[in-house]
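Chains as they are written, first to last, in numbering that gives the first Met the number 0: chain A, 0 to 478; chain B, 0 to 230.
Keep in mind the hints are simulated off the structure, nothing from the lab.
Heads up, a few of these hints could be off.
As the list claims (entries may be wrong) - Here are the simulated DSS-like pairs of lysine-lysine, each with C-alpha atoms no more than 25 Å apart in a straight line:
hint: 1; chain 1: A; residue 1: 171; chain 2: A; residue 2: 471
hint: 2; chain 1: B; residue 1: 141; chain 2: A; residue 2: 171
hint: 3; chain 1: A; residue 1: 435; chain 2: A; residue 2: 171
hint: 4; chain 1: B; residue 1: 66; chain 2: B; residue 2: 41
hint: 5; chain 1: B; residue 1: 103; chain 2: B; residue 2: 219
hint: 6; chain 1: B; residue 1: 110; chain 2: A; residue 2: 52
hint: 7; chain 1: B; residue 1: 110; chain 2: A; residue 2: 51
hint: 8; chain 1: A; residue 1: 478; chain 2: B; residue 2: 219
hint: 9; chain 1: A; residue 1: 174; chain 2: B; residue 2: 110
hint: 10; chain 1: A; residue 1: 451; chain 2: A; residue 2: 435
hint: 11; chain 1: A; residue 1: 478; chain 2: B; residue 2: 141
hint: 12; chain 1: B; residue 1: 110; chain 2: A; residue 2: 471
hint: 13; chain 1: A; residue 1: 478; chain 2: B; residue 2: 110
hint: 14; chain 1: B; residue 1: 95; chain 2: B; residue 2: 141
hint: 15; chain 1: A; residue 1: 52; chain 2: A; residue 2: 63
hint: 16; chain 1: A; residue 1: 55; chain 2: A; residue 2: 66
hint: 17; chain 1: A; residue 1: 171; chain 2: B; residue 2: 110
As the list claims (entries may be wrong) - So these bits of chain B aren't anywhere near chain A, every CB distance computed over 12 Å:
hint: 18; residue: 5
hint: 19; residue: 26
hint: 20; residue: 40
hint: 21; residue: 43
hint: 22; residue: 45
hint: 23; residue: 80
hint: 24; residue: 133
hint: 25; residue: 134
hint: 26; residue: 222
Glycine included, C-beta positions come from ideal geometry on N, C-alpha and C.
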Amino acid sequence: MAKQYLRLLSKEDLQKIHHASLTILQNTGMLIDHYEARKMIRAAGADVEDEKKIVKFPPELVEKCLKAIPRRLLYAGRNLENDLILQADGGIYARTASSLTSYLDLETRRYRRGTIDDLNQWTALADALPNIHCCGTNHAEDVPAQTADIHATRVLLSNQRKHFFAASFSVKNLKYMIEMALTVRGSKEAFKKRPLFHSLIGIISPLSIPEDDVNMLFLAGEFGVPMIVCSEPNVGATGPITLAGTIAQTNAEFLGASTLAQIIHPGIGIPYYLLPTVFDMSTGRALLGSPENALIQAALCQLGSEFYRLPVEISALCADGVISEQIIFQKASATLMASLSGANLLCHAGTIDTALAASPVHLVIDDEIMAVMHRMWQGIEVNHDTLGLDAIARIGPLGNFLTDPHTLKYLRSEEHFRPTIFDRDSSQAWYAKGSKRLEQRAREKALDILAKHEVEPLPEEVQRELIAIVSKADQELIK
Amino acid sequence: MPDLLQEIAGKVISGRADKNSPFPSEKVGEPGVKELTQKAIKEGIDLQEILNSGLLAGMNVVGARFKEGELFIPEVLVRGQALKAGMDVLKPIIVKSGLEPLAKFVIGTVKGDLHDIGKSLVSMMLQGAGFEVVDLGIDVPKEKFVAVVKQEKPQVLGISSLLTSTIPEMRQVIEILEEEGLRGQVKVMVGGAPVTDSYAAQIGADGYAPDAISAVVKAKELLSLLEASLR
Numbered sequence: 000m001a002k003q004y005l006r007l008l009s010k011e012d013l014q015k016i017h018h019a020s021l022t023i024l025q026n027t028g029m030l031i032d033h034y035e036a037r038k039m040i041r042a043a044g045a046d047v048e049d050e051k052k053i054v055k056f057p058p059e060l061v062e063k064c065l066k067a068i069p070r071r072l073l074y075a076g077r078n079l080e081n082d083l084i085l086q087a088d089g090g091i092y093a094r095t096a097s098s099l100t101s102y103l104d105l106e107t108r109r110y111r112r113g114t115i116d117d118l119n120q121w122t123a124l125a126d127a128l129p130n131i132h133c134c135g136t137n138h139a140e141d142v143p144a145q146t147a148d149i150h151a152t153r154v155l156l157s158n159q160r161k162h163f164f165a166a167s168f169s170v171k172n173l174k175y176m177i178e179m180a181l182t183v184r185g186s187k188e189a190f191k192k193r194p195l196f197h198s199l200i201g202i203i204s205p206l207s208i209p210e211d212d213v214n215m216l217f218l219a220g221e222f223g224v225p226m227i228v229c230s231e232p233n234v235g236a237t238g239p240i241t242l243a244g245t246i247a248q249t250n251a252e253f254l255g256a257s258t259l260a261q262i263i264h265p266g267i268g269i270p271y272y273l274l275p276t277v278f279d280m281s282t283g284r285a286l287l288g289s290p291e292n293a294l295i296q297a298a299l300c301q302l303g304s305e306f307y308r309l310p311v312e313i314s315a316l317c318a319d320g321v322i323s324e325q326i327i328f329q330k331a332s333a334t335l336m337a338s339l340s341g342a343n344l345l346c347h348a349g350t351i352d353t354a355l356a357a358s359p360v361h362l363v364i365d366d367e368i369m370a371v372m373h374r375m376w377q378g379i380e381v382n383h384d385t386l387g388l389d390a391i392a393r394i395g396p397l398g399n400f401l402t403d404p405h406t407l408k409y410l411r412s413e414e415h416f417r418p419t420i421f422d423r424d425s426s427q428a429w430y431a432k433g434s435k436r437l438e439q440r441a442r443e444k445a446l447d448i449l450a451k452h453e454v455e456p457l458p459e460e461v462q463r464e465l466i467a468i469v470s471k472a473d474q475e476l477i478k
Numbered sequence: 000m001p002d003l004l005q006e007i008a009g010k011v012i013s014g015r016a017d018k019n020s021p022f023p024s025e026k027v028g029e030p031g032v033k034e035l036t037q038k039a040i041k042e043g044i045d046l047q048e049i050l051n052s053g054l055l056a057g058m059n060v061v062g063a064r065f066k067e068g069e070l071f072i073p074e075v076l077v078r079g080q081a082l083k084a085g086m087d088v089l090k091p092i093i094v095k096s097g098l099e100p101l102a103k104f105v106i107g108t109v110k111g112d113l114h115d116i117g118k119s120l121v122s123m124m125l126q127g128a129g130f131e132v133v134d135l136g137i138d139v140p141k142e143k144f145v146a147v148v149k150q151e152k153p154q155v156l157g158i159s160s161l162l163t164s165t166i167p168e169m170r171q172v173i174e175i176l177e178e179e180g181l182r183g184q185v186k187v188m189v190g191g192a193p194v195t196d197s198y199a200a201q202i203g204a205d206g207y208a209p210d211a212i213s214a215v216v217k218a219k220e221l222l223s224l225l226e227a228s229l230r
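Could you put the whole structure together from the sequences, leaning on the hints where they help?
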């Protein structure tokens, strides 16, 4: 059943955007700072101006490569029960972010730079929370800065079992991250079949792909690491000020980068993921929680899901600032729009302050928000049994349904969401239980999980090997 | 104060650079800051007066309106361009006549980092505030920063980094400045989304600003500190 509940744009609008993106790629093209890659694209039929590093894509080439992107994406966990399969209409899931530099301390509530201990706590929490399906590597301040991505990857491999997202600093670093993941999987073939993590190539908006990011694409494809294309135009600064204009540009950046990817490695997994930000004209800050962000995200979800039929990832669990009430509102409204517009993976769970910081309290709250979203996304199942005609006939006027078999049958089904931290008590009961606000309830749940939750450790020899790879990276990469 | 200077200030405030400028649309064809500055020089008005009571007086009003939330960044930048149109006329003559030179600011994004917009915004804002800005662009090696500091002798050096992976480069630039004995002559400012006040202090920078507007305020503050220390 197609789950495109919300259609912000008409079919005609979607067509117009697609054509605008093709026009951008054909007339303006993209700067691709990689000679070898340009040679391959030229051979595939693109118009290349080497002295300017510009590639102009014919629409037929883009359309052809678009067809080659896998429609089903496996984000494999350590074990089968943690696997995540992404495809259009295929459900809604959530992941945390990557490269967050700060941490909102769970106990002291202090906002500070993140550490490896924090990442241990963060991953344990993400592993335990049922509505968080994929985790990301945060930045730790207490390991060498040049290899912090590699250190974080070791934590993600060891301390949690879900598929994870790891941004790498460079292709050199990505090599070690892949080596560690192969060690956990046992072989290259096993990893290729069930990739434990995915990574990203960065776009510098407008319309430019750096050399190192193309190198990452070459390497990732060889090992079957799925890649997201991180196109982050800043509405009004590095993208047009109009929402339609930025959507057309960011979509062009996705199409250009994914065309490049399919030429380099046909069949490489690329979800439809884009992250436009909104330039705050009063301060120059990039915003992620404005209504314009939510509108752009909903439009992109529809474009990716309804128009391209690709698995869609979108960072709707983003918010600006550190005020909880505002954060929860921004996340919930954007996530609802995205979920109803075709999103599959809602990204940036647990982030605050425009995706600069990780907050364990908000990870717990986002887990609950995602449970609500999942319920909303499921919608209302209408069939003979759910219409309850037999039960209504049995009960008749003036009876009640409490002990009817129909009630008992659905009582514990997914028909009803039940909160873990959202409060449903009467005011009297709430006061009697200590009048705890949402943040406090979330904090207590987080501490409770951390006290009890255990993740099965990797075999000792694997752990030793991972540590050895990290030390090797430290020796070889730190100058 | 001569009316002409007030008129120059007014043109800066409305953002009219020269007679060919398309902005503001209802004033197309009218002369701008450039023509009026030329006229003021021809009339023999004191150069320092043109600068202070004309150009910078206008920009001060722009700054105040921005602070009040009346103007947005693109509107300030357009007014900065208008100011620059006047500066371009005035500067060669000021330099020739041996008057006090303007403060110089060297800025760039560190090696390995290709992010341009934040740094460019700071650069444009500083120019708008009357600084002479040498923008080294993106992906700037630490050696280049140091070489340019030696050559250009700026009062302030601004280093930008957006990526968690390139932040350490900022510390290394400061370290080389120390080694080369240049640290005392230049104030160092750092910026970029993952940078914080405490991080700036930790790596030995003199200042940090969270956005382009506070960067200008910070730069002026550092400038007066520098002047005080050299006095």
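Do the hints match the structure? See the list:
1. A/171 to A/471: With a Cα-Cα distance of about 12 Å, the restraint between residue 171 of chain A and residue 471 of chain A holds, given a limit of 25 Å.
2. B/141 to A/171: 21 Å, holds
3. A/435 to A/171: Judged against 25 Å, a Cα distance of about 48 Å means the pair is violated.
4. B/66 to B/41: 35 Å, violated
5. B/103 to B/219: 11 Å, holds
6. B/110 to A/52: 20 Å, holds
7. B/110 to A/51: 21 Å, holds
8. A/478 to B/219: 36 Å, violated
9. A/174 to B/110: 21 Å, holds
10. A/451 to A/435: Roughly 22 Å between the alpha carbons, so the hint for residue 451 of chain A and residue 435 of chain A holds.
11. A/478 to B/141: This hinted pair holds, its Cα atoms lying about 14 Å apart.
12. B/110 to A/471: 24 Å, holds
13. A/478 to B/110: 14 Å, holds
14. B/95 to B/141: 33 Å, violated
15. A/52 to A/63: Holds, at about 23 Å.
16. A/55 to A/66: At roughly 19 Å apart (the allowed maximum being 25 Å), residue 66 of chain A and residue 55 of chain A satisfy the hint.
17. A/171 to B/110: Holds, at roughly 16 Å.
18. 5: 28 Å, holds
19. 26: It holds; residue 26 of chain B is separated from chain A by about 22 Å at its closest Cβ, greater than 12 Å.
20. 40: 34 Å, holds
21. 43: 41 Å, holds
22. 45: The claim stands: residue 45 of chain B keeps its Cβ more than 12 Å from every Cβ of chain A (closest is about 36 Å).
23. 80: Non-interface label on residue 80 of chain B holds, nearest chain A Cβ at 16 Å vs cutoff 12 Å.
24. 133: With a cut-off of 12 Å, residue 133 of chain B remains clear of chain A, as the shortest Cβ separation is near 21 Å.
25. 134: With a cut-off of 12 Å, residue 134 of chain B remains clear of chain A, as the shortest Cβ separation is near 16 Å.
26. 222: Label holds. Min Cβ-Cβ 21 Å, cutoff 12 Å.
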